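Number of protein chains: 4
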Amino acid sequence: MSGNSMGLLFSVTSFGESHGPGIGCVVDGCPPGLELSEADIQAELDRRKPGTSRHVTQRREPDTVEILSGVYEGKTTGTPIALLIRNTDQRSKDYGNIADTFRPGHADYTYWHKYGIRDPRGGGRSSARETAVRVAAGAIAKKWLREKFGIVIRGHMTQIGAVEIPFQSWNVVNDNPFFAADASKVDELEAYMDSIRKSLDSVGARLRVVAENVPVGWGEPVYDRLDADIAYAMMNINAVKGVEIGAGFGCVTQRGSEHGDELTPQGFASNHAGGVLGGISTGQDIEVSIAIKPTSSIAQPRRSINKAGEPIEMETHGRHDPCVGIRATPIAEAMLALVLIDHALRHRAQCGDVHVDTPRIPGRIG
Amino acid sequence: MSGNSMGLLFSVTSFGESHGPGIGCVVDGCPPGLELSEADIQAELDRRKPGTSRHVTQRREPDTVEILSGVYEGKTTGTPIALLIRNTDQRSKDYGNIADTFRPGHADYTYWHKYGIRDPRGGGRSSARETAVRVAAGAIAKKWLREKFGIVIRGHMTQIGAVEIPFQSWNVVNDNPFFAADASKVDELEAYMDSIRKSLDSVGARLRVVAENVPVGWGEPVYDRLDADIAYAMMNINAVKGVEIGAGFGCVTQRGSEHGDELTPQGFASNHAGGVLGGISTGQDIEVSIAIKPTSSIAQPRRSINKAGEPIEMETHGRHDPCVGIRATPIAEAMLALVLIDHALRHRAQCGDVHVDTPRIPGRIG
Amino acid sequence: MSGNSMGLLFSVTSFGESHGPGIGCVVDGCPPGLELSEADIQAELDRRKPGTSRHVTQRREPDTVEILSGVYEGKTTGTPIALLIRNTDQRSKDYGNIADTFRPGHADYTYWHKYGIRDPRGGGRSSARETAVRVAAGAIAKKWLREKFGIVIRGHMTQIGAVEIPFQSWNVVNDNPFFAADASKVDELEAYMDSIRKSLDSVGARLRVVAENVPVGWGEPVYDRLDADIAYAMMNINAVKGVEIGAGFGCVTQRGSEHGDELTPQGFASNHAGGVLGGISTGQDIEVSIAIKPTSSIAQPRRSINKAGEPIEMETHGRHDPCVGIRATPIAEAMLALVLIDHALRHRAQCGDVHVDTPRIPGRIG
Amino acid sequence: MSGNSMGLLFSVTSFGESHGPGIGCVVDGCPPGLELSEADIQAELDRRKPGTSRHVTQRREPDTVEILSGVYEGKTTGTPIALLIRNTDQRSKDYGNIADTFRPGHADYTYWHKYGIRDPRGGGRSSARETAVRVAAGAIAKKWLREKFGIVIRGHMTQIGAVEIPFQSWNVVNDNPFFAADASKVDELEAYMDSIRKSLDSVGARLRVVAENVPVGWGEPVYDRLDADIAYAMMNINAVKGVEIGAGFGCVTQRGSEHGDELTPQGFASNHAGGVLGGISTGQDIEVSIAIKPTSSIAQPRRSINKAGEPIEMETHGRHDPCVGIRATPIAEAMLALVLIDHALRHRAQCGDVHVDTPRIPGRIG
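Protein chains in written order, with this note's numbering: chain A, 1 to 366; chain B, 1001 to 1366; chain C, 2001 to 2366; chain D, 3001 to 3366.
No lab work stands behind these hints: they were computed from the structure.
Note that the structure is a prediction, hence the values are computed from the model and not measured.
Note that CB positions come from ideal geometry on N, CA and C, so glycine has one too.
Be a bit skeptical, because a hint or two may be false.
[Unchecked claim] Straight-line Cα separation of at most 30 Å, DSSO-like style, residue types lysine-lysine; simulated pairs:
no.	chain 1	residue 1	chain 2	residue 2
1	C	K2307	A	K307
2	D	K3307	B	K1148
3	D	K3143	D	K3075
4	D	K3049	D	K3198
5	B	K1307	D	K3049
6	D	K3307	A	K148
7	A	K148	C	K2075
8	D	K3307	B	K1075
9	C	K2307	A	K75
10	B	K1049	B	K1148
11	D	K3198	C	K2148
12	C	K2075	C	K2148
13	C	K2143	C	K2049
14	A	K307	B	K1049
[Said to hold, decoys possible] To give a feel for the contact side, a few chain A residues facing chain C, derived at Cβ under 8 Å:
no.	residue
15	N4
16	T13
17	G20
18	P32
19	K49
20	G70
21	G74
22	P80
23	I117
24	P166
25	W170
26	R208
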């Protein structure tokens, strides 16, 4: 595989460029019998859709998904599910001026040297637009995990630039444009993002994703650890520069007497592990945190070079997210779901019939 | 594969338990014609060997490697290179008391529920001892990368618990037991670690790994990104809880005008990207930072449960590293080398004959 | 992967059912810079298209392919090439009567027990219609192999039922509906096939595929041997029951003194090996022969059972090929091309820079 | 992977050369809890061991296997099972004369051009000796399949050179050096093989492998079909030139009315399919037949070339099997077992919880 597929048993093979005919993927390995409609997928797609507020790109893409295969009479058949999203809003002129130059912070320079040819329209394959297909594939994974195991996967923004966003309640996350879990922070965020846009700049973000009700025993022991596959999945999201599981970098200053989560018959006493020990799920919540870099496309002049290697100064205009992190929440949820369903199937293959008398303790006390 | 292999074209398949007959791996895909001897591998193994100072486990393991195949008259033949390290120092009695209990912070509970059976001696498969085979395999990767591309992969400790360790010089890193890049910090670290041991506790650490002279163009665009595979590899190291590329979590508060590395004919003006853009190497240094949790095995009483699910109190005695992070430096270097060689081969397969006239700019200015 | 992808570096992921919205595939790993248009692919698709003569199914499918991604300004970009063929002629009523029964010789019974659900329309996923996407993907592989190495991949029918078809000339193969390499046999075949149809029966076939100008050194030594991957690819074609390389089953009665192909500076003295020794190409022609079973769908009454397990008698009407082997020639060529390009890339990855002074001898003497 | 691993979920990674320190493999993915000892594996190894009769190579190799990992207190733990067979009888002088020449019918020429270096001692990696590790790995697969599903995998010789060997009874197969299922043929075979040896020549063979009690539903629908993976596995055996499933090449002259196996509530009326329809097992016996070429190493003078490309005449002396097919029976059984266990696990992953009310009919009537 050449880097456009992920997953061993529940695999997603992605295709498409930002301004080509369309984007999509083939989902192979979905268990048969799952009720699935385009509406199930569309609901997740709409959460990351551009143009939903003034704080994200104003590009207008309905992102309407078509199921091309693998579903018969409303149920998955166990055969590949192909999903297609046609591109509709393609203002190539916005991008014509960058065909011979390399935008700082973008993949232009690396694609050019790797392939010797690139589709410059909207970043081509390297556009964040590709993440829509992950959300679509993730919607299938999410539904199966929820119906089969009651697993709930949710994310929320914990910081945008200088503004930290405490967790208050999951209930408000989808009611504001920032996926913030604290409604009292929304006004401050609105003002902050407006100032960023006015300064023709962009800013980074940090978000948290949690999976609840994951059974103990998923994940592999040495490589393909559950947390390693999660780190892989998250770092595969455009602009992600850091990944933490559980205590994350906070563990550096912890003592073993603090970090190691104690076990009691009533449940785990804490969750510094973030739900994974020895690469295998513990039954606690899977806790993931990621850092997303500021959008590289800004309207300020920046130094770069052109194909001839000559110095140039460029400003990237067009319709860009001042904070790509904002729309990353549903993407991160989808990636976590894709990792979990793959390991659910892998576990079933090797250890599906294992039984021990030892009771499974709750993920947390009480 | 069931989680004991990594790498698509340069693959390592690992085996072995801490107290079984031995540990080892099969390295498949090494290009033919590389000069290779057991001494090349032993040199790296000795860097992570236990018992080298009072600050690491006092377990005595010579960790002597035997090449079982794939090398003829001192050169690799392109066939699988099997490496075997026999276990010698196995004090199973140290571990007999934990067969029916689950140590907090360890994989005991997860292995038990996953497999329904586990080898409790020294943690069996989940022992950090397994990382020796990665160092051995990584030594082969390192040598090929150095001879073929002049790539240099080095790591150093940046923090142990509360003590931050600034970077002064690579020259001193291998001359102190902490892989510290600042000799003036060694006394403080000695005292700090002694106090940790006296308090029967352990502590976390943070380290940095750098790969220099990586050509532009390695890595895949969507999944299997170079940074994603690096995150995967690092998170596969026992006890790692966080991974950063370049600016890492620091990018959250950065502006796009600061983070996006400008290009000039003389080179990149900065390296917040950490050497990867769009999943593909830029020609800048690959910059990775990881967080390692404190050793879970400590001699203080901790709450846990036994196989019957009953509450117990346990102290983990035996010979443990008070800071597992200390010996993680050569392991992290090895994992980075394994990712890089795999992508070197993948790049050669798909784009080996690509040529563009555009000059490759230096990784950094001047 | 769940059995809908093939190829490690040049991978094809197939999707679609006979009577769903469409069929297609994602081709990942195609080297960048290959000139490619829909016309290149259509030309191969038209060779297996139904309805081209009275000896194949009269189903009318234009099989028009659309390139959805991976091609920019007429050249491949190194990113995934997604191909879509919309289904147009779907007479589902032809198949309605078989939803609750299992056709003898078909996958109905096995799909039902494997998945617990199946799309019965036209055989759903198990329809030979899926092979169109392999021909489409194979067209890309064929073009790259031809342009890069001058490799020519051709097939012809060697036997239909009782009628053996000697090889006279490649020139006539595409000028008759049977892919026969002997024009003088065409009348006999016409009459033979007419008689088969009149008897409401079907018949098997045997065909030969040859790849010329394959360089020495492609293929892996133990598993993933070139001939093993060819056998895998051929047996993956619907209805194939046997595969031979070179002398094939003829080698059973050969002596070593006859079978072992002698080498001379002027070339190999014979090609009983079929172009592969020790799993690796020799530089001789790759010689493959396959057996294709008679079409299982015939209009004669046959015994079977229904979903309740009760005995039934059924005739399969609809528009079926009286000899599925006839349209298998372009499919077999495509499969061989897909195996060869994958190994071309794998060879380049591991041994791309190997040089020996030993001259490469011609595939055949003179 | 570079061609030394097979299997997606139950994977075998093989290593070793004929005259190196040893050969072996890592078996990854074996379900936990299987009782396993070295004796279980040794029993199968002894069936292919050289030197057991005058009709096979007189090389003396005890082929003693050591389990290095993955088994604790007599049971598999779900972690990798590493197997090592040390080489003992290495008469390198037998082979010294061929280091600079290419033996006809051997991999010498292809290895040399592929890798630019080769271990000529006993054929190095291309030696049939490597097949011992497949038998060892297959022994584990066989045991699990037998204990879990009652699957019985057996093979017997059906033809050696000109001598066809009818099937009489499984009971005699392991009581004669030819794995013949007809004791009355043994004298004729003894005389025939003696004559072959006297003539300093070798001969081909054909054998049949059968798997009984395979449940319906194993195998993938498009690629990775059960029969395709079987063809792949068999063609991966040194010297195999042809593979048939069920009717095999016999289907070419069959009519659809004959070939398509009818279904009745009492069972299938025939088994021309060989136990696979649409790539998925039917519940009938899996029927496989393979052709094995005559040994290439014969003591007659043959034409070849040397490294300089100059013509030479060579005789291959040493201790060779006059018919490599004879010892291929346990190897073919092992390869079939490895394919079946992999698909058993793959089926469990995707469709493990599928249930239909339709009764499963017997593999054969009565």
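Hints, verified against the model:
| no. | hint | verdict |
| --- | --- | --- |
| 1 | C:K2307 with A:K307 | violated, 65 Å |
| 2 | D:K3307 with B:K1148 | holds, 27 Å |
| 3 | D:K3143 with D:K3075 | holds, 12 Å |
| 4 | D:K3049 with D:K3198 | holds, 23 Å |
| 5 | B:K1307 with D:K3049 | violated, 45 Å |
| 6 | D:K3307 with A:K148 | violated, 63 Å |
| 7 | A:K148 with C:K2075 | violated, 45 Å |
| 8 | D:K3307 with B:K1075 | holds, 19 Å |
| 9 | C:K2307 with A:K75 | holds, 19 Å |
| 10 | B:K1049 with B:K1148 | holds, 28 Å |
| 11 | D:K3198 with C:K2148 | violated, 49 Å |
| 12 | C:K2075 with C:K2148 | holds, 15 Å |
| 13 | C:K2143 with C:K2049 | holds, 20 Å |
| 14 | A:K307 with B:K1049 | violated, 49 Å |
| 15 | N4 | holds, 5 Å |
| 16 | T13 | holds, 4 Å |
| 17 | G20 | holds, 5 Å |
| 18 | P32 | holds, 4 Å |
| 19 | K49 | violated, 21 Å |
| 20 | G70 | holds, 7 Å |
| 21 | G74 | violated, 10 Å |
| 22 | P80 | holds, 4 Å |
| 23 | I117 | holds, 5 Å |
| 24 | P166 | violated, 41 Å |
| 25 | W170 | violated, 34 Å |
| 26 | R208 | violated, 31 Å |
Violated hints for the displayed structure, listed by number in ascending order: 1, 5, 6, 7, 11, 14, 19, 21, 24, 25 and 26.
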